[in-house]
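Novice: Residue strings, one per chain:
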Amino acid sequence: MTAYDLYLIAPYLAMAALAMLVIVADLVTRRTGFLVGLSFAGLAAPAALSAWQLVDLTSSGATELTAESSVILYTLSIDRFALFFNFLILASVGLVVLVSNDYVRRMERLQGEYFGLMLLSATGMMLMAAASELISIYIALELTTLPLAALAAFLPNARSSEAGMKFLIIGAISSAVMLYGMALLYGFTGSTRLDEIAVALAASPQSGVLPFGSMAVLLSVVLLLVGFGFKMSAAPFQMWVPDVYEGAPTPMVAFLSVASKAAAFALVLRVFYIGFDALDGDWWVLLAGLAALSMTIGNLVAIAQRNIKRMFGYSTIAHAGYILVGVAAVTTVGDDSASFGPSSVLFYLVAYAAANLTAFFAIVCIGNRINSDEIEDYAGMLRRAPFLAIALALALIALIGVPPTSIFMAKIYIFAAAINTGESLMTWLVIIGVVNSVISAYYYLRVIKVMFLQPAIHTERLGGSWPVNVAVGVAALCVIWLGVAPVAMFRAAERAAVVLLAGG
Amino acid sequence: MPTGFNGLLTVTVFLPAVAALLLAVGLVRDVRHIRWFAAAVAAADLVLSVIVFALFQRGGERFQLVDRLDWITTDTVQASYLLGVDGISAPLVMLTGLLGLCAVFVSFHISNRVREYFIWLFVLQTAVLGVFTALDFLLFFLFWEIELVPMYLLISTWGTGRREYSAMKFLIFTILGSAFMLVAIVAVFVSAGVGSFDMTRLLEPGGALDASRAALPMGVLFWLFFIAFAVKLPTWPVHTWLPDAHTDAPTAGSVMLAGVMLKMGGYGLLRVNAGMFPEQLQQFAMAIVALGVISVLYGAVVTLRQTDLKRLIAYSSVSHMGLVLIGLGSVAVVGGALTDAGLTGAAMQLFTHGTITGLLFVAVGILYEQTHTRHIPDLGGLANRMPILSGAFLIAGAASLGLPLLSGFVSEILVFFGAFRAFPALTILSVLGIILAAGYILWMLQRTLFGPRPARWDNLTDASPVELVPVALLVISIVAVGVYPAWLTEVFRDGLEPIVSGYNAGLAGIPK
Chain A
908 MTAYDLYLIA PYLAMAALAM LVIVADLVTR RTGFLVGLSF AGLAAPAALS AWQLVDLTSS
968 GATELTAESS VILYTLSIDR FALFFNFLIL ASVGLVVLVS NDYVRRMERL QGEYFGLMLL
1028 SATGMMLMAA ASELISIYIA LELTTLPLAA LAAFLPNARS SEAGMKFLII GAISSAVMLY
1088 GMALLYGFTG STRLDEIAVA LAASPQSGVL PFGSMAVLLS VVLLLVGFGF KMSAAPFQMW
1148 VPDVYEGAPT PMVAFLSVAS KAAAFALVLR VFYIGFDALD GDWWVLLAGL AALSMTIGNL
1208 VAIAQRNIKR MFGYSTIAHA GYILVGVAAV TTVGDDSASF GPSSVLFYLV AYAAANLTAF
1268 FAIVCIGNRI NSDEIEDYAG MLRRAPFLAI ALALALIALI GVPPTSIFMA KIYIFAAAIN
1328 TGESLMTWLV IIGVVNSVIS AYYYLRVIKV MFLQPAIHTE RLGGSWPVNV AVGVAALCVI
1388 WLGVAPVAMF RAAERAAVVL LAGG
Chain B
593 MPTGFNGLLT VTVFLPAVAA LLLAVGLVRD VRHIRWFAAA VAAADLVLSV IVFALFQRGG
653 ERFQLVDRLD WITTDTVQAS YLLGVDGISA PLVMLTGLLG LCAVFVSFHI SNRVREYFIW
713 LFVLQTAVLG VFTALDFLLF FLFWEIELVP MYLLISTWGT GRREYSAMKF LIFTILGSAF
773 MLVAIVAVFV SAGVGSFDMT RLLEPGGALD ASRAALPMGV LFWLFFIAFA VKLPTWPVHT
833 WLPDAHTDAP TAGSVMLAGV MLKMGGYGLL RVNAGMFPEQ LQQFAMAIVA LGVISVLYGA
893 VVTLRQTDLK RLIAYSSVSH MGLVLIGLGS VAVVGGALTD AGLTGAAMQL FTHGTITGLL
953 FVAVGILYEQ THTRHIPDLG GLANRMPILS GAFLIAGAAS LGLPLLSGFV SEILVFFGAF
1013 RAFPALTILS VLGIILAAGY ILWMLQRTLF GPRPARWDNL TDASPVELVP VALLVISIVA
1073 VGVYPAWLTE VFRDGLEPIV SGYNAGLAGI PK
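Residue numbers (the numbering used here), protein chains in the order written: chain A, 908 to 1411; chain B, 593 to 1104.
There could be a bad hint or two in this list.
Pair ranges (Cβ atoms, derived) [said to hold, decoys possible]:
| no. | chain 1 | residue 1 | chain 2 | residue 2 | range |
| --- | --- | --- | --- | --- | --- |
| 1 | A | GLU1015 | B | LEU661 | 54 to 60 Å |
| 2 | A | PHE1294 | B | THR602 | 14 to 20 Å |
| 3 | A | SER1068 | B | TYR960 | 42 to 48 Å |
| 4 | A | LEU1332 | B | VAL642 | 47 to 53 Å |
| 5 | B | VAL642 | A | ILE1338 | 52 to 58 Å |
| 6 | A | SER976 | B | ALA616 | 43 to 49 Å |
| 7 | A | ILE1338 | B | GLY1043 | 19 to 25 Å |
| 8 | A | LEU1384 | B | VAL642 | 57 to 63 Å |
| 9 | B | ARG897 | A | ALA1065 | 54 to 60 Å |
| 10 | B | LEU661 | A | ARG938 | 37 to 43 Å |
| 11 | A | LEU920 | B | ALA803 | 32 to 38 Å |
| 12 | B | ALA803 | A | ARG1290 | 27 to 33 Å |
| 13 | A | ARG1290 | B | HIS701 | 32 to 38 Å |
Example chain B residues on the side facing chain A (calculated, C-beta under 8 Å, incomplete) [said to hold, decoys possible]:
| no. | residue |
| --- | --- |
| 14 | PHE645 |
| 15 | THR666 |
| 16 | VAL778 |
| 17 | GLU796 |
By construction, these hints were calculated from the structure, which means they are not laboratory data. Beta carbons: idealized from backbone N, C-alpha and C, even for Gly.
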């Protein structure tokens, strides 16, 4: 391992070190404000290191910063794609830390652990986006999941314990299944490196009778999808979502729904677009099916929800479906590299992060004060907390996909990518997608209706501390920014996605 | 490709939005001041929209007063901020300015959450103006969708009756329609040789989009667009949201809904379905005319049975907007050159129906403020107590049933002239709808304005000066169009000329 290699993994090291530091700091001081400040300011280190790497990449003109020793060379790819997710995850975790300011004050102890676990999980997510080898993928996944399971069980009540337990057990089962898929894949191709797997699969006979050329590959792809599906919270692996969303601490849910999802999609994109590049004529159908299922189940069940966190649980399943449409948009008639499926997925993840974080921050803040997450208790919120109510309404409108908001642009982009494939099946998928958007309008708008139109039961005014308000404001501004002037993010997504398409 | 930045349209479109923003930040707080501030802004916007109409030169560039800025430019996505008017949209911009001012004046009696009310009314006006002027599909869709939110809130907060149900129904129907439009827009965008959202490139004869390179079959695209616009128009069988929304909306909401928002549907049909898919329009003309005839007749028959004044006007709108479809279908003329009568009639119908129905809703709104009922059997003999209002009501009714020298006659006769050459039997059938219209309008007028007056209406007073402003504006416009329609028809004809000449050239510019 050389100094250059250390520089390559420095963002991850800095992140892990920050997590340790916060836990230690908790032993020294009990001031919440200090922990929040430390966690937030500490993120500057990994962010600065990532930015430095980005500058390096730009100036060298290479697609990837190549490590010198084989330990890192074949396990992590430090490319624009990984850095894109570094920034997304760092931004999300930073905002979530700010919003936790009011929330953790209610906890008597374990405040340091709360932030430490969150940062550790974020480290895992950043690694997930960079991992290009099966074993490091697995380790990154576990590093992400275990702290989240602990966080889900953080509150001293039965629902939270249930959430943690469910997350842990279902997570363990799905990763066991995934591990089996990895073993099969290794057995078939003789390598754990995605680039070598791609070469081996391309060389293996494509019988044409059987999808994926071989039963072993078919099985391993399906088993891998089980594990990824759990992380993406896509149907039919969504069983844990509503319970965890309802029971777990709300800031953690915000983090889970945005950063964890983004990292999972980063992984899916890398594994499928690079590792299974040769089989893209086969797996896109599988992903398209998952997309249709996720959108429909998520949106239909969300209608019946009375608890806003549970409703967002189903909403996140639905959005996993929309994003999968973009992932499935891989084969284009003629030229594979013309697909803008991956870049549309990246843009959607950012757009969704902005909207969902806005919504959850408002929910954190309101729920913190009224001690309830029932939608009916949001009555008259426009009068009680105008800033939060308007931010939440903006986020809900964005989640429907109404302009001028981030997800509107993202949906246009993702649907364009899907139709661009020229497959009639993908066109149907888009139709399913837009019809689902209409269904979703019903339950998202119901919340707005309750907040804006129904009279308040209590009249006491609500509000959060300034860090919380800043986080809500920043996230809400991003929703508008990406809806009105998305050019910069479009370009960033396009450039980040290049590494996925270069091989094809 | 139109370029440049004139600025007039941008100011016209966004003036109401800026006013909404000023209201939102609390620049004007006193309720009375808010009303006059709103009136001043709406009046300024009317002046601006009249200037737009006046500056539009017939026979000049196709799109004028263009405002263009690059909006999104990447390797895969090109969209621009592109506003402009042609002969089709210039009159509709003026119509929106006119009805926007009327909507403010009929809202003076609103006393609940006044500031929010005018904020949403202004956002709505910006959105509608944006739809009529946007020449970039992404921008067009953006304005199309933005309009939903204020309308939803106007109906559900300031409406009457089952307002939340009606608002949700309106919203779901429209969103469903626009979902199909989104698919179509995206498909047009990804079609080979297009690669941008610029509508002007698609509107040129033999434009960027053709059947061999479209991402979806052209017929599918045509119907996807058609569904979105048909919901908005609305046409049978997707009209059911309209009576509910109209009936339960506040007066200004009804005026804006009937006056300009239905016109968004008709405008879309002319701009997109006729402008970009002329061949498909010709191919499916029979089906479209059939839908139009069903709308005309079904709407008229149902109208006869209504006892609620607003519901009656709402159903009559379904009937009248059916004529737009019949006018569109006139392009299927066999043998001989296509005249522009049918299409001009359809476009004229948008304008005239906007002013006529606007006036009807204004009159009903003023009436309702005093009587607190819209139930026709409860009313009667009001002409004696409210002579001016009744006069306006009579004019609007007469125009609605197509009395010559009033504006409704002009558009109807043009539609029938145009459509008769293509579908004589269906056109004759649809004329039945006009006879029915005479029936329900006269019957309604007779039962509300004339006959014995129940004693409890003895103390009614006529419309106040503030309420008379919109009445006067609309009466003037109805008479002006009816007496001398050429000032308007010539502009519409100019806008429709590229479509008509495209047909007469045997669609030569468009490869089969």
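Novice: A range of 42 to 48 Å was offered for this pair. Does it hold for the Cβ distance of SER1068/A and TYR960/B?
Specialist: Check failed, 58 Å falls outside 42 to 48 Å.
Novice: Do the Cβ positions of SER976/A and ALA616/B conform to the proposed distance bound of 43 to 49 Å?
Specialist: Because 59 Å falls outside the window, the suggested range is violated.
Novice: For LEU661/B and ARG938/A, compare the CB-CB distance with the range 37 to 43 Å and indicate the outcome.
Specialist: Violated - the Cβ-Cβ distance for LEU661/B and ARG938/A, about 50 Å, lies outside 37 to 43 Å.
Novice: Is it true that LEU920/A and ALA803/B lie within 32 to 38 Å of each other by Cβ?
Specialist: 58 Å, violated
Novice: Range first: 52 to 58 Å. Now tell me if the beta carbons of VAL642/B and ILE1338/A are that far apart.
Specialist: 42 Å, violated
Novice: Assuming the hint says 54 to 60 Å, is it satisfied by the Cβ distance from GLU1015/A to LEU661/B or not?
Specialist: 56 Å, holds
Novice: Would the hint on PHE645/B be counted as holding, given a Cβ-Cβ threshold of 8 Å to chain A?
Specialist: This hint is violated: PHE645/B lies away from chain A, its Cβ roughly 28 Å from the closest one there, beyond 8 Å.
Novice: Assuming the hint says 14 to 20 Å, is it satisfied by the Cβ distance from PHE1294/A to THR602/B or not?
Specialist: 30 Å, violated
Novice: Does VAL778/B pass the interface hint, meaning its C-beta sits closer than 8 Å to a C-beta of chain A?
Specialist: 5 Å, holds
Novice: That 47 to 53 Å hint for LEU1332/A and VAL642/B (C-beta), does it hold up?
Specialist: Holds - the Cβ-Cβ distance for LEU1332/A and VAL642/B, about 51 Å, lies within 47 to 53 Å.
Novice: Just tell me: holds or violated, for the beta carbon distance of ALA803/B and ARG1290/A against 27 to 33 Å?
Specialist: 55 Å, violated
Novice: Min Cβ distance, GLU796/B to chain A: is it shorter than 8 Å?
Specialist: GLU796/B check fails; min Cβ-Cβ to chain A is 22 Å, beyond 8 Å.
Checked against the numbered hints listed earlier, the structure breaks hints 2, 3, 5, 6, 7, 8, 10, 11, 12, 13, 14, 17; every other hint is satisfied.
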